[in-house]
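A.B. asks: Sequence:
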Amino acid sequence: MSNVLFKRTEALTSKEFSYCPGCTHGIIHRIVAEVLEELNILDRTIGVSPVGCAVMNYEYFNCDMQQASHGRAPAVATGIKRVLPNNIVFTYQGDGDLASIGTAEIVHAAHRSENITVIFVNNAIYGMTGGQMAPTTLVGQKTTTSPTGRDPRHSGYPIKISEMLATIPGATYIERVSVHNPQNVRKAKQAVKRAFEMQIQGKGFSMVEFVSTCPVNWGKTPQDALNWLVDNMIPYYPLGVYRQPEAGEKNE
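Each residue of the sequence shown is one higher than the one before, counting from 12 in the working numbering.
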């Protein structure tokens, strides 16, 4: 009898993903799902779906899910967690949802150190609505609303969410990761696991930011999109831990 090396995680349904070819949402879904199963918290987890490419992820995660209005996932998660403090609550949000219309929501959730876990997918563009410029779009990057490239004189500079939230005392754990190769997929999973462990331990607000690709709206093949991410996104959005509890630190 051969050993099973790979199987579908019970934390995902059998529903086929609707994401575009080369999009890394599917990999990120798998990471989150595996962590929920491995930590044995699936039966008490509640996820909050965003408005964006992952708007229908309630069909994919095999746990209770709640749909939120655009940008309001942290507020919805706050309400759920306060009413059901023994449940594990996470949001799954893109950059248009979290870093634009939802900026106030995420900042104040971190300031209050809400004991929730945020999965933030940053692909530097509005994916679902046709490829418009996002708050995270890089300087010079062409989109449908910046056909000659983002000009910081008109649109400002791309917002660095992880760096910004890391300055907030209520933020417990902030890390930026990528899934452009197997090595980084493993690192990303470790980060997601640690973020959920922070919540299990009652330590407060945690967020894992994924720099991701959008091959269709970037006008690139999946492989070229991954190469572009490495050459352009990671230099501006460096991977790593931006905030974590100090050794021996206790949750207040």
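Treat the hints as calculated values from the structure; they're not laboratory data. Some clues are possibly wrong.
Stated by the list, open to error - With a cut-off of at most 27 Å between alpha-carbon atoms, the simulated DSS-like pairs for lysine-lysine come out as follows:
1. LYS18 / LYS198
2. LYS214 / LYS204
3. LYS198 / LYS153
4. LYS204 / LYS26
5. LYS214 / LYS153
6. LYS198 / LYS231
7. LYS231 / LYS204
A.B. asks: So, for every hint listed, does it hold in this structure?
C.D. replies: How the hints compare with the structure:
no. : hint            : result
1   : LYS18 / LYS198  : 20 Å, holds
2   : LYS214 / LYS204 : 14 Å, holds
3   : LYS198 / LYS153 : 30 Å, violated
4   : LYS204 / LYS26  : 24 Å, holds
5   : LYS214 / LYS153 : 40 Å, violated
6   : LYS198 / LYS231 : 26 Å, holds
7   : LYS231 / LYS204 : 31 Å, violated
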